[in-house]
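Peer 1: Protein sequences appear in the order of chains A and B.
Residue 142 in our numbering sits at position 142 of the first sequence, and the numbers go up by one each step.
Residue 777 in our numbering sits at position 307 of the second sequence, and the numbers go up by one each step.
Read the hints as simulated data drawn from the structure, not as lab findings.
Be aware that one or more of the hints could be misleading.
If you want the footprint, here are the derived chain A segments under chain B, 3+ residues with CB under 8 Å [what the hints assert, rightly or not]: (1) 305-312; (2) 362-370; (3) 395-405; (4) 408-414.
If you want a taste of the chain B side facing chain A, the calculated C-beta under 7 Å gives, among others [unchecked claim]: (5) Ala567; (6) Ala568; (7) Gly637; (8) Ala644; (9) Phe648; (10) Tyr681; (11) Gly686; (12) Ile769; (13) Ala908.
Chain B side only, calculated, beta carbon under 10 Å to chain A, not exhaustive [claimed, not checked]: (14) Leu566; (15) Gly622; (16) Trp650; (17) Ile663; (18) Gly667; (19) Ala672; (20) Ala677; (21) Met678.
Beta carbons are placed, not taken as given, at the ideal position from N, Cα and C, and that holds for glycine.
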Amino acid sequence: MRNAVLVPDALIVAAAVLALLAGRFSWLSASSRRRLPALAAAVAVVAFGLELWVGATLSTYFGGALVQDRFALFAKAAVLLAAALAIATADWTTEDSIPIGVAMPLLAAFGVMVAASAGDLVALWAGLELAAAAGVVMVSLRRPDLALRSLLAGGLASALLLMGIAYLYATTGNQDIAAIRAVLLGSAPSVALAIPVVLLLSGLAMRASLVPFQVAGLPAGLGASPLGSGLAVGLIAAGAVIVAIKLGAALLPISAVYSPYLEVLAAIAMVGGGAAALAVRAPRTRLAYLAAGQVGWLVAGLVTHYRTGVGASLFLLGAFVVAATCGPAVLGRAEGGEAAIAGLGALRPARAAALALAMLSLAGAPPLAGAFGELAVAAALAQSGHFALLALGALGWILGIAAALGTLRTIYLQSPLEEGRRGASAALPLLTRLSSMGAVALCFVIVAYGLLGNPIMGLADQGAQALGLR
Amino acid sequence: MILSAILAASPTPTPVSVPGSGIFSSPLLLSLTIWMPVAVAAALSVMPNPRGRYDVLIKQIAFFTNLGLLFVLFVAYNQFQSFVPTMQYEEKVPWLAAVGVTYHLGVDGPGMLMLILSGLIGIASVLASLGIRERVRPYFALLLLAQAAVNGAIVAHDMFILVLFWGAAAIPLALLVFGWGGPRSQVAGWRLIGYWGLGTAALAVGAMTLYAATGGTSFDMDVVLKATLSPRIQMAVGLLMIVAAATRLPLFPLHGWIRDVCAEAPIGVSVVVTGAASRLGAFLLLRTLIAAEPVAAHILGPLLAALAALTVGYGAVAALRTVDIRQVSAYLAMIPGGVTVLGLAALSPLGIAGSVLSLFAGGLAAALIVGACATISERAQSRSLLVLSGLAPRMPNLAWLLIAAALAILGVPILATFPAELMTFFGAFKTQPIGAFAVALGLAVGAVALATLLRRILFGPPNPDAPGVSDSSLGETWYLALLAGGLLWVGVFPGGPTIPGTATPLFDPGMVNVMAAGISEIASPYTGPSAQ
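With the rest of the complex left out, here is chain A (with noise of 0.2 Å):
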């Protein structure tokens, strides 16, 4: 039993690989080629089912390199619901290969899940880059120019990392995430120390596209297909705050070195985020902005230094890693504009409603999985003092909100454009039955995560106690 707990990876991985071999060496008929994605989300599927079942059982692996607790549980769950939802809902006639586009959400996932499990630096560090490499491969499907910012982009975020976890390991010794706590403790805050937090951090909000670091990743991962677009708005960035809520926990007995900065990066996510969202109109620009806003709140969760601030974060964690990864692969092509979703209510009602609904949750609006985890982090906020952090979530809040409200009104109240001035880049997602299927489901989990939230909730909450938070 104590092995079956890495089952769920080891399927990831193999299902990613014979994808990609299946591809390369042309295994698959054509028919057998679109049952490939119908495949791939029920692999992800069981994973997820296998991941609840045998994910309980604690235990390390590979020398402490890996360590399977509550938390790794929680974020491998939410990472592997994600990634079936949008294998599931993608529109698989705009994806630039199938084999490669089944394959790399499945590796970016698999890399999550590395980083949810790591126990030491190496192990975060490597997890994420497998994550962030994946989103580089459907960049450069569709945009190898934009592949090649991207490349560029990520790598001096993975040169940061590198380096702030090299300092790390210089100061303290150590390069397991325990250990390293365990020597901080008895050690005051100093500038030796704040230099690797601060590049750690900023190698993090980089890769999560954070506002003001979204600037170099945010445009080439949105170059991308829409499953491209997903990867890396949602999986990725959801990676880069897996590593973040480790560390800050590793972190924990420096907290007063990085602090203000965490509080200076949430504020401007969550206003930028927002503010850019209202600015813009394309409906995928505006998602990622809205996730970017998102994310902001994720952070602030993490100022609090609290097991109920790092345990909303946690559960917020799970809603925008699943609303942010489908709703680019939802909202399928869409390179027109918003008039690309102009009237899709009417055409489309189950991916409208998906599409709605994930960006309704990005926002934060009530009472969908997002309003909860960001009241929840509201909550921590106010408990643990940082009422100015709260009045600028809220701002940010606001604007969201108005963002996503303005793509709703063009779902639902405009008329959809006529046959003959839809383009190519405004073409109808294809209906199928497994993308419907998906669509649907993605409704039903971004209404019922908070509905439900109690046991969802109390699994996030013991997710932080596990990082031993109090």
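Assemble chain B onto chain A, guided by the hints.
Peer 2: Same frame as chain A, but now just chain B:
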């Protein structure tokens, strides 16, 4: 006459059960008021409606849902135990235990009045929306969702749940304004989002402050609103709640949305917004400031009275200077809100009782004036007061209903606003004399505005160049008559009709008897010599 009205409005000292009560009961009664409209809205939104084939059926479903809801609420009203200070029909289930959120619902007397108001407004809004021809399915689904959110905010007994429903109400209403409004509906919709968003943010921050100040263990109102807080925290929370309430009710200077929304939204939406959704503002003040933070209430009382006076005065003066009939009605609809807040600012049992009755009566009066003016503008094919003239002979039904609306705003005897305003002023003149005088002055200006309006459009010389005019349809007459009838019923029988020769209520336990449950507890910090 005044004395007899006060006596009529005095609660019966001993509760007597109403014949027929107990025919229906459910432990999930309050949940039903929230989730039944949500379930019907969800069903409507997936119901196939090719080329509008089932438009009529959809309207019927929305109507009968509201009728069913009103029946459930009427049963709840009948079974309500007057003079019991505790919450009734309580439902309490842990929701997000880790942060102390409980699915806690419950109503006291004021809450019951608000629920009945919401039920009446709901059915009136559906009747007012029978003329909707475009995108009927999403319209009624959104209307039901808005109604569910309003009901949720009324019955919520947990601050977290209150914030959720309070915020949720804005989304369907804004979409209704965007999608089915007039030419300036975009401006109106954005203003609604902006102001109500600001109010929701203020409420959320206030709720979080209360949560943190009471130990951060629970959002339950029994915990956060019953704790003894420092005056500083009480002031902070009180100011935030005033901002939240002022954006919703609305109160001057946060009233910027009401003119455009009432002028541009479809009639049914205007009725919901002014009749029920906006009353949540005063209800919030009653719950979170007056009932829970007595120190802050004493300090902020003059501010509330000033806001009430400015609101009534501004509404009346603006109504005098406007030539668009729907904008005039929007300004006039601000007046009952100001009166309600004056009662709260009075911080006396009589003033608070008046403001609670004013929640109900003012909601009906505001919805009636907005609905009547909007219907007249549609039937007369013009919104300009320069064009509309001498309509009384040509639209007698609407003329009578507009007169009833005007009288209701002014609070004349036999209408429910009369005992409400009387109690409010009797309560307020003692503790907030300047504010009460200013509000009374504003009401006098409002009377001038109303008289001018009635003289111009009903009794002036007919305009030969005006477009064709027709009287209200059956649906329009019914929804306006329902609102006017509610005002008349409570005005004539504030204590409920009784079987002749006995004290047994006929079928209505009496609005003032029902609202008495809870008021004594709310007003308890303001009674006795120490309160002055």
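Peer 1: Each hint should be assessed against the structure and marked as holding or not.
Peer 2: Outcome of the hint check:
1. With a threshold of 8 Å between beta carbons, the proposed coverage of the region 305-312 of chain A by chain B holds, since 3 of its residues qualify and at least three are required.
2. As drawn, the region 362-370 of chain A meets chain B at 3 residues by the rule of a beta-carbon pair under 8 Å; at three or more, the given contact holds.
3. For the region 395-405 of chain A, the stated coverage by chain B holds: 6 residues have a C-beta nearer than 8 Å to a C-beta of that chain, and at least 3 were required.
4. For the region 408-414 of chain A, the assignment as covered by chain B holds, since 4 residues bring a beta-carbon within under 8 Å of that chain's beta-carbons and 3 suffice.
5. Because the beta carbon of B:Ala567 sits about 6 Å from the nearest beta carbon in chain A, less than 7 Å, this interface hint is met.
6. With 7 Å as the threshold, the beta carbon of B:Ala568 comes within range of chain A, its nearest partner Cβ sitting at about 4 Å, so the hint holds.
7. Taken as an interface hint, B:Gly637 checks out: its beta carbon lies about 4 Å from the nearest beta carbon of chain A, inside 7 Å.
8. Satisfaction of the interface hint for B:Ala644 is found here, the shortest Cβ-Cβ separation to chain A being roughly 6 Å, below the 7 Å cut-off.
9. At a threshold of 7 Å, the smallest CB-CB gap from B:Phe648 to chain A is about 5 Å, leaving the interface hint in force.
10. Look at B:Tyr681: its Cβ gets to within about 6 Å of chain A, closer than 7 Å, so that hint holds up.
11. With its C-beta approaching chain A no nearer than about 4 Å, B:Gly686 sits inside the 7 Å limit, and its interface hint holds.
12. Contact between B:Ile769 and chain A, as hinted, is not supported at the beta carbon level, the nearest pair being about 20 Å apart and thus beyond 7 Å.
13. Taken as an interface hint, B:Ala908 does not check out: its beta carbon lies about 32 Å from the nearest beta carbon of chain A, beyond 7 Å.
14. Using the Cβ-Cβ criterion of 10 Å, the hint placing B:Leu566 at the interface with chain A is satisfied: the shortest such distance is roughly 5 Å.
15. Taking 10 Å as the C-beta contact cut-off toward chain A, the hint placing B:Gly622 at the interface holds, the least distance being around 9 Å.
16. Annotation: interface hint on B:Trp650 holds; nearest CB of chain A at approximately 8 Å, less than 10 Å.
17. The beta carbon of B:Ile663 comes within 5 Å of a beta carbon in chain A, closer than 10 Å, and the hint placing it at the interface holds.
18. Against a cut-off of 10 Å between C-beta atoms, the interface hint on B:Gly667 holds, since the closest Cβ of chain A lies about 4 Å away.
19. Taking 10 Å as the C-beta contact cut-off toward chain A, the hint placing B:Ala672 at the interface holds, the least distance being around 8 Å.
20. A hinted interface residue such as B:Ala677 counts as satisfied when its beta carbon comes closer than 10 Å to some beta carbon of chain A; here the least separation is about 8 Å, so the hint holds.
21. Because the smallest distance between the Cβ of B:Met678 and any Cβ of chain A comes to about 3 Å, under 10 Å, the interface hint for this residue holds.
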